[in-house]
Amino acid sequence: MTAVAPRSRSVLGAAVAPFRSSTALGVGLAFIAVHLVLAVLAPVIAGHDPVATDATDVLAGPSWAHWLGTDQYGRDLLSRTLNGGRYALLVTFLATTIAVAVGTVVGCVTAYADNWFDEVVMRVVDALLSVPSILALLVVVTVFDAGLWVIVLAVTVVYAPAVTRVVRGAARTVITQDYVTAARARGERAVSIVFREILPNVLDVVLVEFAMRASWIVLLVASLSFLGFGANPPTPDWGLMVQENRTALTVVPLGTLAPIVALATLVVGLNLAADGLAKSLGVDRAQQGAGA
Amino acid sequence: MNVLVPALRRLGIAVLTVVLASLFVFLAVQALPGDVAQQLLGQNATPEAVQQLRATLGLDENVWLRYLQWLAGAAHGDFGTSLVSGEPVAPTLLTAFRNSMLIALPAMLVGVTLSLALGVLAGVRRGRATDRIVSTVSLLVMSVPEFMVATVLVLLFAIGLPVFPAVVLRGSDATVAELLPTVWLPIVVLTLAMAAYILRTARSSTIDVMASEFVTTAELKGLTMRRVVWKHALPSALLPTLNVIALNVAWLLGGVVVVENVFNYPGMGKLMLESVSNRDLPTIEAIALLSALVYVVCNLAADLVALALDPKLRTRQRRTRTRPVRSTRKAHA
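Keeping their order, the protein sequence lines are chains P and S. Everything in the first sequence is counted per this note's numbering, starting at 1 for the first residue and increasing by one. Everything in the second sequence is counted per this note's numbering, starting at 293 for the first residue and increasing by one.
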């Protein structure tokens, strides 16, 4: 509940240590790496246009031409799954990076300010957190019309407040450290203290936060597509694929299973990485995470 | 006495949070594209008719004024009239809320009990087979989206082995008795979805407590393992889990969206989806307000219970007034 274990000031040491002490991290990163490679090589491996329809070859089982079969419009399921991975990884990476970056900066600044500003920010954060994330997402997506950047914006609105709160908590324990007091005594400017003293020392928390948020964001973006508010058809998106192929589950189970297995392995990888990072960096992950 | 001040402070913050949340949603909803009056009257409406409806709906007035009027109405339980059905929002919302509670409450009870029991068990037997199995399964459950769990359950128990109905065929006018046969599969999905997170928190805090000095002392005193766990470790291990439970309970309200969508269940989540696609502004605002209220009440309850249970929290609160307990709490949605 309280803090984060004693922090080493060596960023390099913190970066290397995890790999020595955690198999979970290694396995998790391996999962993610496989997804990355598949996403990059998708056009080479897939061999079909993910949106090309073929009325003569619908709802087919696995064959030499279509390794995973085809869906109700005759689109190649392997190509759609692989290209869905590109989309999922891109959205997740952008959304997570922006949400975590915004949350981290606001969290550090507000923790350092520790005055009326902090109070105002935290009340706004509380209010934003109290609105169900899916409702906030639906409203943002409806206002701006679905698209890659709108989903990224919506996820930022939903997750930045949560990150802010976590980082602020970690930053407050850093602020009581002697080196921050020393920096203040040296008369350093606030900007310099926030970015050069506080920020580097909450990086372990931020890193765990990143991995954990990413795992939720993958699921959230897929859920949004599944509900029909995310990616527009015929975009190859995992959530959308499940929605489209669910009704034909008994005919072509692979249409639903392929995107789900892809989604689940990516999330397992991210979760394992988050677990491993938390363990080797001494961040209490269970306390950080709650609900989706 | 010293408990009263932080308790009152939390209460004040809770009220402020709900008001702020309602303001944000009100403003965001105003930005939804499309003219409401135009949409209600259809494409063929004359500009005069649209103008008149705008005036009747009060759409031309100042946003802040409308917000205050709406808030005053909401305080009396009057959420306005649905733009789609023309009926008052409050009764529709209450029915949907009741239907959602029908699946959310059992899921909460089963989910919290199950996950606490398994989490503590795994924590006590850290590193052994029980722990490995429980941890792996919870990781898997956490990584599979709800819509998949729901789809698989439908395939198994509605199509493969026709025990439960696959979807609810009744609309929002269904009575509780009519809904009862249909609630089981949604309950299972929600239970699984929320249990994984609580389980992991319970496990990790149990591990922390079991490693602490006072548990070692209890063990060295020669107490039985059973007694050490039940009397010493469990109460302390549950404390950090409280917040996570509160957040998950509050999350259920938003989390029901996907589940209700899959099962076509007439609850809050379905109402939320419908009102967003129909631009039914008063209904969206009412749902947001109700959800924010539930979130805040759950968190407040968790905070107050923690405050009442934990003497450490009380003294820390008093000693350093500039650093309220909230700041050290890292749980969140």
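Errors might be hidden in some of the hints.
Computed footprint of chain S on chain P; a stretch qualifies when at least three of its residues, placed anywhere within it, have a C-beta under 8 Å from a C-beta of chain S [as the list claims (entries may be wrong)]:
no., region
1, 30-38
2, 117-129
3, 190-201
4, 217-224
Listed next, with one range per pair, are the computed distances between beta-carbon atoms [stated by the list, open to error]:
no., chain 1, residue 1, chain 2, residue 2, range
5, S, M517, P, P233, 53 to 59 Å
6, P, F117, S, V597, 44 to 50 Å
7, S, V311, P, F117, 17 to 23 Å
8, P, G228, S, T516, 55 to 61 Å
9, P, T265, S, L448, 20 to 26 Å
10, P, Y179, S, T516, 32 to 38 Å
11, P, S192, S, Q322, 39 to 45 Å
12, P, G147, S, V355, 25 to 31 Å
13, S, S569, P, Y179, 52 to 58 Å
14, S, R390, P, T265, 34 to 40 Å
15, S, L596, P, L203, 22 to 28 Å
16, S, R390, P, P200, 34 to 40 Å
17, P, R186, S, V355, 24 to 30 Å
18, P, P200, S, V433, 55 to 61 Å
None of these hints come from the bench; they were simulated from the model. From the three backbone atoms N, C-alpha and C, an ideal C-beta is built for every residue, glycine too.
How the hints compare with the structure:
1. 30-38: With 0 residues close enough to chain S, the hint is violated.
2. 117-129: holds (count 7)
3. 190-201: Per the Cβ count (0), the hint is violated.
4. 217-224: It holds, with 3 qualifying residues against the three required.
5. M517(S) x P233(P): 53 to 59 Å: This hint holds: roughly 57 Å between Cβ atoms.
6. F117(P) x V597(S): 44 to 50 Å: 31 Å, violated
7. V311(S) x F117(P): 17 to 23 Å: Holds, since V311(S) and F117(P) (Cβ atoms, about 20 Å apart) stay within the stated range.
8. G228(P) x T516(S): 55 to 61 Å: 56 Å, holds
9. T265(P) x L448(S): 20 to 26 Å: 22 Å, holds
10. Y179(P) x T516(S): 32 to 38 Å: Violated: the Cβ-Cβ distance is about 47 Å, outside 32 to 38 Å.
11. S192(P) x Q322(S): 39 to 45 Å: Given range 39 to 45 Å: holds, Cβ gap about 41 Å.
12. G147(P) x V355(S): 25 to 31 Å: With a Cβ separation near 27 Å, G147(P) and V355(S) satisfy 25 to 31 Å, so the hint holds.
13. S569(S) x Y179(P): 52 to 58 Å: 53 Å, holds
14. R390(S) x T265(P): 34 to 40 Å: 39 Å, holds
15. L596(S) x L203(P): 22 to 28 Å: Violated - the Cβ-Cβ distance for L596(S) and L203(P), about 34 Å, lies outside 22 to 28 Å.
16. R390(S) x P200(P): 34 to 40 Å: At roughly 51 Å between Cβ atoms, P200(P) and R390(S) fall outside 34 to 40 Å, so the hint is violated.
17. R186(P) x V355(S): 24 to 30 Å: 48 Å, violated
18. P200(P) x V433(S): 55 to 61 Å: 36 Å, violated
Against the hints set out earlier in the document, violations occur for numbers 1, 3, 6, 10, 15, 16, 17, 18.
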